[in-house]
Amino acid sequence: MSKAAPHKRRRVETGTDLCQVIAAPIVWSLHFLACYVWAAIHCEKAGRMADLDPARTGIFVLTGIALALIGFNTLRLWRIRARSLTDDDFDYDHDTPEERHRFLGHVALMLSVLSGVGVIYVAIPAVLVGTCR
Amino acid sequence: MPVIASHLHAWRRNPNPWLGPATLALLAGCNPAQSVLHPAGEDAAEIARLFWVMAVGAVVIWAVVFGAAVFAIVSRRKPTTERGADLVVLFGGVVFPTVTLGALLAYGLTLLPDWGPGEPPDLRVHVEAEQYWWRVRIEGPDGAMIETANEVVLPAGAEVDFHLTSPDVIHSFWIPPLGGKMDTIPGRENVLRLRPTTPGLYRGICAEFCGASHAFMAFEARVVPPEDFTAYLAAQAEPASGDASAFVAAGCGGCHTVRGVVELGATGPDLTHFASRATIAGILDNTSEILREWIAHPVAFKPDARMPSYDMLTDDQMDAILAFLGGLK
Amino acid sequence: MTDAATREAQERRLEKTWETPKGFAYWSDVNNTSVGIWYIVTAFAFMLFGGVLALIIRAQLAVPEAGLVSADTYNQVFTLHGTVMMFLFAVPIFEAVAILILPAMLGARDLPFPRLSAFGYWCFLIGGVFVCGSIFFGIAPDGGWFMYPPLATEQAGIGADIWLLGLSFIEVASIAAAVELIVGVLKCRAPGMHINLTPLYGWYVLVVGGMILFAFPPLIAGDLLFELERLLDWPFFDITRGGDPLLWQHLFWIFGHPEVYIIFLPAIALLAMIIPTFSGRPIVGYSWIVLSALGTGFLSFGLWVHHMFTTGLPSISLGFFSAASEAVAIPTGIQLFAFIGTVMLGRAQRSVPMIFCLGALATFVAGGLTGVMVAVAPFDFQVHDTYFIVAHLHYTLIGGMLFPTLAGVHYYFPFFSGRLLSRRLGIWSFWLMFTGFNVAFLPMHLTGLLGMPRRVFTYGADRGWSELNLVSTAGAFLFAAGFLVFVWNCLKSWKYGEDAGHNPWKAGTLEWLSPSLDIGMRSIPDISHRYPLWDDPDIVRRSLEAEGYLPDAEEGKRETLVTTVLDATPVQVLRVPGPSFVPMVAAVGLGGLFILSTFHFYWTALASGLLYLAAQIWWLWHGAAPIPEKTEKDVGNGLVLPLYRSGPQATGWWAMFITMTGDATAFLALVFGYFFFWTVHPEFPPEGSVTPGMFWPAAAGLLTALAWGLTLAARLRNAAGAVTTARFLLGLSVAATLAAAAAFALGPLTRGMDPTSHSYPAIVGALVLWVMAHLLAGAIMQGYCLARSLAGKMTPDYDADIWNVTLYWHFTLFAGLVTAAVIGFVPGAQ
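Chains as they are written, first to last, in our numbering: chain A, 1 to 133; chain B, 134 to 462; chain C, 463 to 1292.
Simulated from the structure, these hints should not be mistaken for laboratory data.
Warning: the hint list may mix true and false statements.
Unchecked claim - With the C-beta cut set under 10 Å, the calculated list includes, among others, these residues of chain C facing chain B: (1) 801; (2) 915; (3) 919; (4) 924; (5) 1067; (6) 1069; (7) 1071; (8) 1072.
What the hints assert, rightly or not - The calculated label-pair distances, taken between Cβ atoms and stated as ranges, are: (9) B/378 with C/1211: 58 to 68 Å; (10) B/460 with C/1214: 51 to 61 Å; (11) A/130 with C/1137: 24 to 34 Å; (12) B/192 with C/1086: 53 to 63 Å; (13) C/528 with B/460: 36 to 46 Å; (14) C/528 with B/452: 33 to 43 Å; (15) C/1110 with A/33: 52 to 62 Å; (16) A/64 with C/1063: 53 to 63 Å; (17) C/1007 with B/192: 48 to 58 Å.
Note that the Cβ used here is the ideal one computed from N, Cα and C, for glycine as well.
Just chain A, same shape as in the assembly:
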């Protein structure tokens, strides 16, 4: 066993695996920041008596874009690697690059779903709040 050192089994190792894991949360972060900054600047510049509608429209558009990106990411991951939203990690030996690849794809998929929920949560205030007060 120790003779068959794993580096001999080495396949391609790229950084893209890690990037895909954090892609969806990054979309969430950008969406969150953009919504907050947009509304904050709008209310600061237009005054606290102002209507929120222009910023709300923007927030809905941003939410649409963010959800589309995350949805696309989720679908892609679902189709390529991991057809499960649960951990589903029991049936595998984990010590190959393929398994590592599958695992990270799976984590990415679940994070993608979580980020989608996060984006929807962040959009709820824009639905329910109508003024800058």
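Got chain A; can you put chains B and C on it based on the hints?
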């Protein structure tokens, strides 16, 4: 620190302890004047309801989660598959929280202030929080400002906008039975809208740490029937009268305005109708013995208070000042 | 296969190489086990100090209108209690535990930068003693642990300066630890330990390290602005001159909220190690937990405004943060359910660590649920700054951090002492603490709802809080008694505890492989499972019989393996340095710089700063990436690895990259400050302001780009073998860098901008100072490379120095160009 217990203004006079759902034995004995759970205003009542909903939910969820953990340790009957445990995580950790938290979020958001220029308040009160007291200006029906200090009198049922700011450090304006708090921030004017409903005596406090006497920065909030409020406003608008010579000679007038009598400076609290107030400096019973001690040693009651000590006054001077202040009904 | 005699000789060489120095030289040790134990003991010592402060608070509040301490003393006590518990216990204990156990868990002999760990420790110790000591002179900070201006900026005395400078210094230590730990997890895992085989603790450390990089720098930027206001009167937070106190609140809480998770996640990580062991099976939902750690890491950056719900921000802003604050409960819940699932499938063994785990769960879930409640903004309007919040935060911190950490101490005590803690005392201490804690803090929910605000040094007898407070005080003392039992247990068992033997808990992870702490494992085995000790029964024998890698230390040098990030393929033998006093000297120098500045002894502070710089350069010159005596070596099993790497394959390059990421975050926080002012002012810069103009900023930007280009060209020429050209380019680059620094200064100076007059010139000044400091450091680095090249320590083949310096310059170029654009080209700034 001198012993101050005997002087602190007692808040036991609340005529209307509204217990609401708080019928717990524990709460029955407590003082409702500063309590979140004894609402006397619309906002506080909504938030108290929100609290009870969340509190019951939280207790149930805690019991279920902790019960599951204990059961998992104690039970000898194990789920047959790892798939089963996986589903526990999926439903307990993902599905249930997502739905519950989303609903709670929406519920909470509907209680946030959300009013536009088309919904003006019934009354505007301008409050400046200063180390360590409250300057209060009530906007009269004619737009005139009527200034008082360390007391806020409000008409029951009216929607009141508090315009809050501070000239020195950040404080926070809070009357727990009426509703949430709002910070008073130098350079900003925050607006807090409340609708008191139940007449009574309540205690307002500073909720943001503001220095040595933060613990002593309080005021009396009095909710009165609307007709009483009209009378109050009219009385407060009247100028005062009396013999202010000792007051002026001691230099008090340099900081304290008594409208119609001394209008030299206004860095300290306005004292126009001082004798009609329940408290000295928001915390002490308004009696002439206590007032004598306060004037002689303000920092003994409020560490770091800006008012200098007047312990050099002769008894005659002090008596004259007390007589003058006592006459400011 | 090697015979017994050879193995014996190897083992002696290994032991000699990794031996802990004796006598006074013990304090020069840099090995992760010594530093880790010092770190843990020191953090617990500070915790005891913070606990005494808590007892003073509780004693004062036991009865209404008590006179035990004055208002002024009380304010110092509660400020210091919060500060000590957060900065001197909760965050450092994570670093401490990670430094101690991480290498063994990953199958490394040490962390990649032992001297950096030691440096961080000495910074922590010096800064901590300085901040704590101030209370004995009555000059401790008294503005609350959040130091809100204008209260804190206008305070007389040096309390606020002690807080700012002392803690900035400790933040440096935290970032040092973060760099160390991230590189450790990514690059120093045992061969074959793919990233999906990494122990969960490693994942958490990775996430938390990343969070530190993005959370601490904004506070450092805030500290810088704050101190500039206090020392030089630059009005960042003074409203009369265009400042805004809310800017501080934003910067503080952008740090402050992720910090809560920085504290919480590593403690939960300990549970993720303990629970599988005592359930006798692998964790359920490994990927669930990785997902939730990552998810929490991200979401925790969207929560900061929930500390500012009552500052009068628009409802819509509160809504966003309310939403994110609710969302973060989802990944947190996933982790807890994964633990429950694990216990459900396994056979739970009853043990002291498990009792603490269960206590942690009961407490933390309660704190989490009140957290969900206060995340609902309207409810927070009522309970913000009341004892309800005090109860909430102690439930989360004690349930989410202290109890798990104590579970971890009970669990890992045999790992670093070879002895077991007493079970009887452990159970006693748990029940005392758990009961005491709940007696103290459960009533506080009600105290808060009855209107008791935080940070009051006394209260009136008529408020109806007297009984509740008396109960809380009694509970606090019970809690303290429980903690003393725990301390006694540790002290007693350290000497007289039951011998633990090998792997006393029958755990499955790698840290239990080896009985020896100093050398780590006898040889580093290949890993093919998540719980190698369970799934690979032969692994202990292979390791002990020297069949793994690095079974020997032929050259008497401390060595560990460097592997690739994802699949842990071995790529290098890393030589790590041995004992040295340099980290201590450097920490003393840097500490002197901060501490002496507090007392306004600027010249001695400068001298101390130079001592630091000298120690730092000596440290790098004599130990960073030395040229090895041979290019590669056989590490066992026929695997031959290089001894030297440069560029992205070297650990040093990664460390530079990670450090500079944190540095760039701090810079962006300053830029955020500029645009914050732009947002809150109708016009910014205000009409008629003096500006730096366009010429000098443009020139400065171009010169920065030139200096960057020359540095990059020098690296490329050097690699191509054109050493003389490279040296020439480096010399030129130093000149360009200095010219760029001068050009940045000349804009504001020639136009006569006065930073004390308004927040606009002040924030421009802060940006310019920041970039100039980085340019000067950049010039020193270029000069350093030139000197290394001339001294023959940097050659075309051994060029890690210039690789790292070039990387530094990529970031400096970014900061320079952004600064030039902001001060010279933002509308209105001409």
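Hints and how they fare:
Of the supplied interface hints, the one on residue 801 of chain C holds, with its beta-carbon coming within about 8 Å of a beta-carbon of chain B, less than 10 Å. With 10 Å as the threshold, the beta carbon of residue 915 of chain C comes within range of chain B, its nearest partner Cβ sitting at about 5 Å, so the hint holds. Because the smallest distance between the Cβ of residue 919 of chain C and any Cβ of chain B comes to about 5 Å, under 10 Å, the interface hint for this residue holds. Look at residue 924 of chain C: its Cβ gets to within about 5 Å of chain B, closer than 10 Å, so that hint holds up.
Here the hint on residue 1067 of chain C is broken, as its CB sits about 30 Å from the closest CB of chain B, past 10 Å. Proximity of residue 1069 of chain C to chain B is violated relative to the hint, the smallest CB-CB distance being about 37 Å (cut-off 10 Å). Interface hint status for residue 1071 of chain C: violated, as the beta-carbon distance to the closest one in chain B is roughly 33 Å, over 10 Å. Hint status for residue 1072 of chain C relative to chain B: violated, with the closest Cβ pair at about 39 Å, above 10 Å.
Remark: the range hint 58 to 68 Å for residue 378 of chain B to residue 1211 of chain C is upheld by a beta-carbon distance near 59 Å. Judged by the Cβ atoms, the range 51 to 61 Å given for residue 460 of chain B and residue 1214 of chain C holds: they are separated by roughly 59 Å. The supplied range of 24 to 34 Å is met by residue 130 of chain A and residue 1137 of chain C, whose beta-carbon atoms lie about 26 Å from each other. Under the hint 53 to 63 Å, the C-beta atoms of residue 192 of chain B and residue 1086 of chain C, about 57 Å apart, fit the expected range.
About 37 Å separates the C-beta atoms of residue 528 of chain C and residue 460 of chain B, a value consistent with the hinted range of 36 to 46 Å. For residue 528 of chain C and residue 452 of chain B, the hinted distance range of 33 to 43 Å is satisfied, since their beta carbons lie about 34 Å from each other. Checked against the hint of 52 to 62 Å, the C-beta distance between residue 1110 of chain C and residue 33 of chain A comes to roughly 29 Å, which is inconsistent with it. Our hint of 53 to 63 Å for residue 64 of chain A and residue 1063 of chain C holds, since their Cβ atoms are close to 59 Å apart.
A hinted range of 48 to 58 Å for the beta carbons of residue 1007 of chain C and residue 192 of chain B is consistent with their spacing of about 57 Å.
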